[in-house]
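**Student:** Chains X and S supply the protein sequences, listed in that same order.
Here the first sequence is numbered in the working numbering, starting from 958 and rising by one per residue.
Here the second sequence is numbered in the working numbering, starting from 19 and rising by one per residue.
Calculated directly from the structure, the hints in this document are not laboratory data.
Please note that the accuracy of each hint is not assured.
Stated by the list, open to error - Straight-line C-alpha distance at most 30 angstroms; calculated DSS-like pairs for lysine-lysine:
{"#": "1", "chain 1": "S", "residue 1": "K107", "chain 2": "X", "residue 2": "K1208"}
{"#": "2", "chain 1": "X", "residue 1": "K1190", "chain 2": "X", "residue 2": "K1055"}
{"#": "3", "chain 1": "S", "residue 1": "K29", "chain 2": "S", "residue 2": "K75"}
{"#": "4", "chain 1": "S", "residue 1": "K256", "chain 2": "X", "residue 2": "K1289"}
{"#": "5", "chain 1": "X", "residue 1": "K1204", "chain 2": "X", "residue 2": "K1222"}
{"#": "6", "chain 1": "X", "residue 1": "K1117", "chain 2": "S", "residue 2": "K256"}
{"#": "7", "chain 1": "S", "residue 1": "K306", "chain 2": "S", "residue 2": "K256"}
{"#": "8", "chain 1": "X", "residue 1": "K1224", "chain 2": "X", "residue 2": "K1204"}
{"#": "9", "chain 1": "S", "residue 1": "K293", "chain 2": "X", "residue 2": "K1190"}
{"#": "10", "chain 1": "X", "residue 1": "K1190", "chain 2": "S", "residue 2": "K257"}
{"#": "11", "chain 1": "X", "residue 1": "K1289", "chain 2": "X", "residue 2": "K1117"}
{"#": "12", "chain 1": "S", "residue 1": "K107", "chain 2": "S", "residue 2": "K142"}
{"#": "13", "chain 1": "X", "residue 1": "K1289", "chain 2": "S", "residue 2": "K75"}
{"#": "14", "chain 1": "X", "residue 1": "K1289", "chain 2": "S", "residue 2": "K293"}
{"#": "15", "chain 1": "X", "residue 1": "K1117", "chain 2": "S", "residue 2": "K306"}
{"#": "16", "chain 1": "X", "residue 1": "K1279", "chain 2": "X", "residue 2": "K1193"}
{"#": "17", "chain 1": "S", "residue 1": "K293", "chain 2": "X", "residue 2": "K1117"}
{"#": "18", "chain 1": "X", "residue 1": "K1389", "chain 2": "S", "residue 2": "K75"}
{"#": "19", "chain 1": "S", "residue 1": "K293", "chain 2": "X", "residue 2": "K1279"}
{"#": "20", "chain 1": "X", "residue 1": "K1279", "chain 2": "X", "residue 2": "K1352"}
{"#": "21", "chain 1": "X", "residue 1": "K1389", "chain 2": "X", "residue 2": "K1289"}
{"#": "22", "chain 1": "S", "residue 1": "K257", "chain 2": "X", "residue 2": "K1279"}
{"#": "23", "chain 1": "X", "residue 1": "K1190", "chain 2": "X", "residue 2": "K1208"}
{"#": "24", "chain 1": "X", "residue 1": "K1204", "chain 2": "S", "residue 2": "K306"}
{"#": "25", "chain 1": "X", "residue 1": "K1190", "chain 2": "X", "residue 2": "K1279"}
{"#": "26", "chain 1": "X", "residue 1": "K1279", "chain 2": "S", "residue 2": "K256"}
{"#": "27", "chain 1": "X", "residue 1": "K1055", "chain 2": "X", "residue 2": "K1137"}
{"#": "28", "chain 1": "X", "residue 1": "K1190", "chain 2": "S", "residue 2": "K256"}
{"#": "29", "chain 1": "X", "residue 1": "K1289", "chain 2": "S", "residue 2": "K257"}
{"#": "30", "chain 1": "X", "residue 1": "K1204", "chain 2": "X", "residue 2": "K1190"}
{"#": "31", "chain 1": "X", "residue 1": "K1117", "chain 2": "S", "residue 2": "K257"}
{"#": "32", "chain 1": "X", "residue 1": "K1190", "chain 2": "X", "residue 2": "K1222"}
{"#": "33", "chain 1": "X", "residue 1": "K1055", "chain 2": "X", "residue 2": "K1117"}
{"#": "34", "chain 1": "X", "residue 1": "K1389", "chain 2": "S", "residue 2": "K306"}
{"#": "35", "chain 1": "S", "residue 1": "K306", "chain 2": "X", "residue 2": "K1055"}
{"#": "36", "chain 1": "X", "residue 1": "K1137", "chain 2": "X", "residue 2": "K968"}
{"#": "37", "chain 1": "S", "residue 1": "K29", "chain 2": "X", "residue 2": "K1222"}
{"#": "38", "chain 1": "X", "residue 1": "K1208", "chain 2": "X", "residue 2": "K1224"}
{"#": "39", "chain 1": "X", "residue 1": "K1193", "chain 2": "X", "residue 2": "K1389"}
{"#": "40", "chain 1": "X", "residue 1": "K1204", "chain 2": "X", "residue 2": "K1193"}
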Amino acid sequence: MLERLQSFGQKLREAGVPVSNHEMLVASQTLQHLDWTDREQFKWGLASAMCRSPGHLEVFSTLFDLFFAPEGLELDLDTAPPDLSELDEVELIEQIIKALREGRDGELRRLARAVLDTLSKEASGGFLLYRALRTLDMDRLLQRLAEREGVDEFEQNIWKMEVQSRLERLRRILEQEVRKRMVEERGAEDVADRILRVPLEERDFATITSDEVADVRRSVVSLARRLATRLAKLRKRGARGRLDMRKTLRKSLSAGGALTDPQFKVKSRSRPDIILLCDVSGSVAAFTRFTLLLVACLQVQFPRIRSFLFIDTTDEVTDTLKSTDPADAIPKALQIANVIWLDGHSDYGHSFKNFHENYIEAVTDRAHVIILGDARSNYRNPEAWVLKDVRERAKRVWWLNPEAPQHWDTGDSVMSAYAEHCDAVHECRNLKQLASFIERLA
Amino acid sequence: MNAPTQFSSVKEVLARLRETNYIADTRVATAVYIADRLGKPLLMEGPAGVGKTELAKCVAASTGTELVRLQCYEGLDEARALYEWNYRKQLLRIQADEGREHHWEEIEDSIFAEPFLLERPLLKAIRSPKPVTLLIDEIDRTEFEFEAFLLELLSEFQVTIPELGTIAARTQPIVFLTSNATRELSEALKRRCMYLFLDYPEAERERDIILTRVPELPEALAEQLVRLIRSIRQLELKKRPSISESIDWARTLVELGVETIDENVTQETLNVVLKYRQDLERVSQQLKLPPSPHHN
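For reference, chain X alone in the conformation it holds in the complex:
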């Protein structure tokens, strides 16, 4: 058994779960306490020793099934199920609909396997999953399942939501089963990066898929909360001024005149005014949205924010962002802002000129101007003089670019023309970099 455990650990490591020698030792210790005949117990006992995050558990489950007893085996022993390999596609789909309707997960898993078996002759890997989803056609399943007769409207609505979650479940089962096949075919390493992704905070904004946007949004909000407490503390510490003799003496009276608790004067520091100028064109949309959200969540730290959006012309959205909850406000602001003047291709030059015409008085000597964008202006006139003027008026001008520095000034990027007039240009490709910039700013 120990040998088997060793090679299981090795496989986990190949798949990106960092199982150290220490964890292997603990895992082997758990073995003597576990009942090996109980699959669940055996599995979760090992998992508690070898996994350290939900992602690890995903990988663990996949590999565990391949290495030890696969799920659902015990069931098959009592009630030998009908052979599914004889069924054709249409019959399989009917069976799946039945299983979905009755909410039977075990059955669903067996059927999913059967579907993949029939398809695996012509496809494999990610393509197999794609084919399976095409064959099953989730939308059609939803349609067929959603209709139910003889129930009132309320019941019907609940049912619809339930069907959706069951279909989601089917999708996950398919994903898991495909992954197992991939491990068998190509080895564990190949599958690793599909499951164990880089933590959200370090993900490149450009690679965040629409499925993950909600997760990222949530982590932006929690990041904002952490930053806020951190900043408040730093501010408090930074506010400690010279020794206040008067207060110290007064405080000492309760300790019989011994000077135990020195008191300090409070330094006042003004919070920075912020002007955000955001490119919201398609290429950088994800990045600017998250940045806007983060800054909006930090309202307390930055009470005076003015936000401007642009694509090829500029519009102010400060009030929209302030009026409602930040997460809801940003899509709304994007909807109502008037940012397209000519053709909806980024035009930094025209947008800046427009900003200069209409809003230049917003730039006071206390303002930190932060420009978010990739400086890709579709070969149009950059009008860098605007930035020069802004810099003369403002306290600081920062530029955050969601591209890696080696791409600056390639193609239609005019980063250095603008960089000349900025205090600094930062690469800002993930939440971590964004957070560290905000922290330095406050």
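Given the structure of chain X, go ahead and fit chain S onto it with the hints provided.
**Tutor:** The following block gives chain S in isolation, referenced to the frame of chain X:
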């Protein structure tokens, strides 16, 4: 230090937790059992309200040990978590001695002693003559430094106080740590713990939990409630309802004497389950509830 284990099998964990009204599954029970057997802390992660803290409380209740709880927060330091010298009392002691001839060493020995020590949760757990259950709640809220400070405690069950020396646990406590995963914990800390990810439970278990906690609730109603709450959970919400919300909802329905959940009942009681107005609107829209006078 003796290390008496509390449980003799996974089944026993399940049964004894059930006695305290905690419905565990094999996964949870196995993790608790293994952590107890190996004498290692159990790190629990998962969304808020799925019963992480409750599990620790119920283990304490089922083993008859005292629960010592340390609630973590940003800025928590050793003085609040472990011990602190009661300097006011020390000052009084020194002042009371004034005028008499004493060597400084004598005074030092007398004021850095037990009576001047303020015991905080961690020290209390270590020094307790009887075994305790130690719960370190929301460890992810503390800073990195505090985590490092916990390492000695978690691996050796001992702490070092410069003036008194190293204090080792007399009996091995059962240790639970919870985290809401708002940040990554350090590798070193994770390595010293067994790991358990607690997620929203399966429908059947959730129904059992609700029926155990709210026995007055009719079974059919519980069934309906679980269906509805699970459907709500899969929507994209600011705060997904967890088990504690399901239980609250069940209690509300019992209070109101509801027999079946229909549109009107849902609309009037949904605010027990959802804490944000946007979430309420979202769900009402999905279920096509009639507009409520309260919401505007």
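**Student:** Against this structure, judge whether each hint is valid.
**Tutor:** Comparing the hints with the structure gives:
Restraint check for K107 of chain S and K1208 of chain X: the C-alpha separation of about 16 angstroms stays at or below 30 angstroms, so the hint holds. Taken as a hint, the K1190 of chain X and K1055 of chain X pair is broken in the structure, with Cα atoms around 58 angstroms apart against an allowance of 30 angstroms. Only pairs whose Cα atoms come within 30 angstroms are accepted, and K29 of chain S paired with K75 of chain S is accepted, the gap being roughly 19 angstroms. Simply put, K256 of chain S and K1289 of chain X have alpha-carbon atoms about 17 angstroms apart, close enough for the 30 angstroms limit, and the pair holds.
Annotation: proposed proximity of K1204 of chain X to K1222 of chain X holds, straight-line Cα distance about 9 angstroms (limit 30 angstroms). For the proposed pair K1117 of chain X and K256 of chain S, the alpha carbon gap of about 21 angstroms is at most 30 angstroms, so the pair holds. Annotation: proposed proximity of K306 of chain S to K256 of chain S holds, straight-line Cα distance about 20 angstroms (limit 30 angstroms). Using a Cα cut-off of 30 angstroms, the hinted pair K1224 of chain X and K1204 of chain X holds, with the two alpha carbons roughly 15 angstroms apart.
Restraint check for K293 of chain S and K1190 of chain X: the C-alpha separation of about 28 angstroms stays at or below 30 angstroms, so the hint holds. In summary, the hint linking K1190 of chain X to K257 of chain S is supported, as the alpha carbons are separated by about 27 angstroms, within the 30 angstroms threshold. The straight-line distance between the Cα atoms of K1289 of chain X and K1117 of chain X is roughly 28 angstroms, inside the 30 angstroms bound, and the hint therefore holds. Between K107 of chain S and K142 of chain S the alpha-carbon distance is near 20 angstroms, which keeps this suggested pair within the 30 angstroms criterion.
Note on K1289 of chain X and K75 of chain S: the hinted pairing is violated, with a Cα-Cα distance of about 45 angstroms set against a maximum of 30 angstroms. Taking the CA atoms of K1289 of chain X and K293 of chain S, the gap is about 22 angstroms. The hint holds against a cut of 30 angstroms. Of the supplied pair hints, the one linking K1117 of chain X and K306 of chain S holds, its CA atoms being roughly 12 angstroms apart against a limit of 30 angstroms. Restraint check for K1279 of chain X and K1193 of chain X: the C-alpha separation of about 26 angstroms stays at or below 30 angstroms, so the hint holds.
About 23 angstroms separates the Cα atoms of K293 of chain S and K1117 of chain X, which keeps this hinted pair within 30 angstroms; it holds. Among the hinted pairs, K1389 of chain X with K75 of chain S is inconsistent with the structure: their alpha-carbon atoms are about 36 angstroms apart, more than 30 angstroms. For the given pair, K293 of chain S sits about 21 angstroms from K1279 of chain X by alpha-carbon distance, which is consistent with the 30 angstroms threshold. With a C-alpha separation of about 24 angstroms, the suggested pairing of K1279 of chain X with K1352 of chain X holds against the 30 angstroms cut-off.
Restraint check: the Cα-Cα separation between K1389 of chain X and K1289 of chain X comes to about 26 angstroms, which is no more than 30 angstroms; the hinted pair holds. The hinted pair formed by K257 of chain S and K1279 of chain X meets the criterion: a straight-line CA distance of about 22 angstroms does not exceed 30 angstroms. Between K1190 of chain X and K1208 of chain X the CA atoms are separated by roughly 23 angstroms; this keeps the pair inside 30 angstroms, and the hint holds. The hinted pair formed by K1204 of chain X and K306 of chain S fails the criterion: a straight-line CA distance of about 62 angstroms is larger than 30 angstroms.
About 25 angstroms separates the Cα atoms of K1190 of chain X and K1279 of chain X, which keeps this hinted pair within 30 angstroms; it holds. For the hint pairing K1279 of chain X with K256 of chain S, the CA-to-CA distance comes to about 19 angstroms; that is within 30 angstroms, so the pair holds. Among the hinted pairs, K1055 of chain X with K1137 of chain X is consistent with the structure: their alpha-carbon atoms are about 25 angstroms apart, no more than 30 angstroms. For the proposed pair K1190 of chain X and K256 of chain S, the alpha carbon gap of about 27 angstroms is at most 30 angstroms, so the pair holds.
This hinted pair checks out: K1289 of chain X and K257 of chain S have alpha carbons roughly 21 angstroms apart, not beyond 30 angstroms. Straight-line distance between C-alpha atoms of K1204 of chain X and K1190 of chain X comes to about 22 angstroms, which keeps the hinted pair within the 30 angstroms bound. Annotation: proposed proximity of K1117 of chain X to K257 of chain S holds, straight-line Cα distance about 21 angstroms (limit 30 angstroms). Taking the CA atoms of K1190 of chain X and K1222 of chain X, the gap is near 16 angstroms; set against the 30 angstroms cutoff, the hint holds.
Note on K1055 of chain X and K1117 of chain X: the hinted pairing holds, with a Cα-Cα distance of about 16 angstroms set against a maximum of 30 angstroms. Restraint check for K1389 of chain X and K306 of chain S: not satisfied, since their Cα atoms lie roughly 40 angstroms apart, outside the 30 angstroms limit. Among the hinted pairs, K306 of chain S with K1055 of chain X is consistent with the structure: their alpha-carbon atoms are about 27 angstroms apart, no more than 30 angstroms. The suggested pairing of K1137 of chain X with K968 of chain X holds, with an alpha-carbon distance near 13 angstroms, which does not exceed 30 angstroms.
Annotation: proposed proximity of K29 of chain S to K1222 of chain X is violated, straight-line Cα distance about 62 angstroms (limit 30 angstroms). Taking the CA atoms of K1208 of chain X and K1224 of chain X, the gap is near 20 angstroms; set against the 30 angstroms cutoff, the hint holds. The straight-line distance between the Cα atoms of K1193 of chain X and K1389 of chain X is roughly 24 angstroms, inside the 30 angstroms bound, and the hint therefore holds. Only pairs whose Cα atoms come within 30 angstroms are accepted, and K1204 of chain X paired with K1193 of chain X is accepted, the gap being roughly 18 angstroms.
The structure does not agree with the numbered hints 2, 13, 18, 24, 34 and 37 stated previously, though it agrees with the rest.
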